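From first to last, the protein sequence lines stand for chains A and B.
Per the working numbering, residue 1 is the first one in the first sequence, and the count goes up by one each step.
Per the working numbering, residue 1 is the first one in the second sequence, and the count goes up by one each step.
Bear in mind the hints are in silico, worked out from the structure with no lab data behind them.
This structure is a prediction, so every number in the text was calculated from the model and none was measured.
For every residue, glycine included, the Cβ atom is placed at its ideal position computed from N, Cα and C.
You can trust all of the hints, since none of them are fake.
Computed cross-link-like contacts, DSS-like style, restricted to lysine-lysine with a CA-CA straight-line distance of at most 25 Å:
1. K386(A) / K315(A)
2. K238(B) / K356(B)
3. K147(B) / K386(B)
4. K185(A) / K258(B)
5. K15(A) / K145(A)
6. K258(A) / K326(B)
7. K422(A) / K371(A)
8. K147(B) / K26(B)
9. K258(B) / K326(A)
10. K185(B) / K258(A)
11. K326(A) / K185(A)
12. K386(B) / K371(B)
Estimated spans, in silico, between C-beta atoms of each pair:
13. D83(A) / Q37(B): 46 to 54 Å
14. K315(A) / K326(B): 37 to 45 Å
15. Q37(B) / D188(A): 42 to 50 Å
16. E217(A) / D339(B): 24 to 32 Å
17. D218(A) / H231(B): 36 to 44 Å
18. E265(B) / D188(A): 23 to 31 Å
19. P11(B) / Q400(A): 41 to 49 Å
20. G225(B) / E322(A): 34 to 42 Å
21. D245(B) / D188(A): 21 to 29 Å
Protein chains: 2
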Amino acid sequence: MLRIPSISADPAYAKDVRAAASWVGKRLENAGIEHVQTLETGGHPVVYGDWLHAEGQPTVLIYGHFDVQPAEPLELWDSDPFDPVIKDGKVFARAATDMKGNLLLPIVACEALLNTDGTLPVNIKFLFEGEEEIGSRSFSGFLEKHKELLACDLVISADSGVGTEENPTVGTGVRGVFSMQINVKTADMDMHSGFGGGIAPNAIHELVRILDSMRDEDGRILVDGFYDQVHTLSDDEKAQVAQFDAFPEGIRESVGFKEFFGEPEFTPMERGVARPTLEVNGIWGGYQGAGGKTVIPCEAHAKLTARLVPDQDPKRIQELMEAHIKAHTFRSVDVTIEDEHGTPPYRVPGDYPALKVLENVMEEMTGHPVKRQWAGGSVPVTSLFKDMLGAETLSLGGSQDDERPHAPNEFYRLSSFTHIQKAYCLFLQELSKS
Amino acid sequence: MLRIPSISADPAYAKDVRAAASWVGKRLENAGIEHVQTLETGGHPVVYGDWLHAEGQPTVLIYGHFDVQPAEPLELWDSDPFDPVIKDGKVFARAATDMKGNLLLPIVACEALLNTDGTLPVNIKFLFEGEEEIGSRSFSGFLEKHKELLACDLVISADSGVGTEENPTVGTGVRGVFSMQINVKTADMDMHSGFGGGIAPNAIHELVRILDSMRDEDGRILVDGFYDQVHTLSDDEKAQVAQFDAFPEGIRESVGFKEFFGEPEFTPMERGVARPTLEVNGIWGGYQGAGGKTVIPCEAHAKLTARLVPDQDPKRIQELMEAHIKAHTFRSVDVTIEDEHGTPPYRVPGDYPALKVLENVMEEMTGHPVKRQWAGGSVPVTSLFKDMLGAETLSLGGSQDDERPHAPNEFYRLSSFTHIQKAYCLFLQELSKS
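Chain A extracted, bound-state conformation:
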């Protein structure tokens, strides 16, 4: 499965995304799951399967994705990202932790229960998509169309982690996300900088000015109204976040940046999970080869994403971003925006009964108190499940914070297979008794 380069962002890999879907379907069938089918979405396909023989019991929809991030920059990988290497109890490959490792956990858990008990304690629906890494863009339409097939009492996202055995956590929230690409075009062709310098606009400078206008030195977002809908943290919420105050330092050391960056009036952990962000993910324009080329480039491009927190609305953010870009564009320059999509932030209600069940299971398994944790990342579908299926989403997966999702040398601990498989079995059993 790790050998399949199921990169959803690049159309050149569409057949690999489909190959990954096919792999997942076969694995579900082998596990004893029924009605396995590949469903079309207009984009990359979805894989569905179910086991619905636990009469009177709740129905749990288990969610995951089989698409992966691009592997670039390839030169920073110690081994081929699509040729997994096992070393020191870890498997190294693109998508090892996000989320081809996690994807297998609920499947093998159900397989084990079916092989042992001949039955499952609750009804199960599996739903694996192929567009999570590109914002689950066809998923909303897909859910709308298949509402009845997917009806459930509770969703579990396997695209997640539950801390370590010493420090168990349950995820109770994710940030939303808003993405766009900005294209600047100043002329029909590049110009010699000798002839054009002093006369012609430069697409890179125009883009740079737009981008630089969006954040101040501390990373505060200068887009008018951007913070208007941001929920102010209560003291309880600050205390919950503060439980993870050591977390950013671990990230800092493993990634190797020297100082924390961001709004100084918030702690790094608060900034990482409870404050919105705006980041340029990529930029390009003009001559990028060896040596120099004295041109005034006529085109420049940047990809951006914002992370959103309650109660920000991606549609509102889109309007604000567009207005900001318009206000910071010269009349004489063509600025176009493309590829906009967004998903709202999500929080599990604090008093949600199944949340307590999961917390009890993790506490019993590990012998440690479980901390509720908000994540800085985004799982676009959580808010869709709430809106379309009326179901809350809990998280149960094996990812740990140092496993380099989206980065070179991504890995997954093999020990997560036993630990989290067991958690799945216990949780489903306890859920049937609750």
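Add chain B to chain A, keeping to what the hints say.
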């Protein structure tokens, strides 16, 4: 010759630069030029040849280059940049006008004189280099080492134009140039923007802030002291520049930008030849592929060039740029500068006798008054010839303003071969009589 991709900026094409040198050497020999040799510089080679039998006559060194700019962006070319196409009396190819067409003019002129008269009116030395498009970086050391071989009374640069037959011009100045690459590194690896957003610095944002701090909205350069050495134009100089006030509009139309850009207190033509500029020529960092990738990039890069005017000194500009970048860099971020090189601006003295000879030839040939013209581009070697050989440099070439040097669909008018070949013959003859 146009089929040889002699791109000096990219080491992958080093053997092609050498192939172009070899072509030029053979062409000189075929023309009857003596002592033809390829000389090493430490970088790309130089081709030398001479004809020194005009006793008592001045020695003219004819300068040109056989290296070319990269051809990117390839998708904007209507035909292969290295497979010349002739259409409507024009040859389309990379380096057609800059300067493989021009390079041939003095060679065929001398060949014609030798075939007709059996002799040349003055002594001639040919000097063609292979690093003009990368700032002639080995040329200073080369001239120092070969001072005696290259001793001359006058230099003619064939890397130029003399207007049109209706509007003849002579070049009497070029801008200088200063180049650098800025590299920003914020961490050892890219980060997931969910985990790192709000915690980690972003290399693209750091670079964008440095670049944006260098110019204001009107293109005024905000680097402290940048304008300190800029010569203030006299009324006579303003009038000389104003003769070409229609020139920028022609550029604007052919390149297709909507409005002129630059300091509003100067005319576009003044800005184009008598004011310094600062341009980002290329930028790159993070994810640039299809779709999106939610990373916080740890590296970003930009290539910059400044065009310099009298009396700016590239060494001083280098110091000012470095100080500015340092002042606009966060402590926590690694900013490195590489590939710095520069060359001063150059002006031919207004009362230089050979300039008058050239003006007379062009006036007689065309029947129109000749305008003295400063160019916005740079010919790095002109100031070197002045410093090292004590010789002024005149310009005589066939390039016209609309021929797209450094840009896609570059071309050269075939009519320049007859027109400027004749100008070379007449100029060398008149020079022997003056």
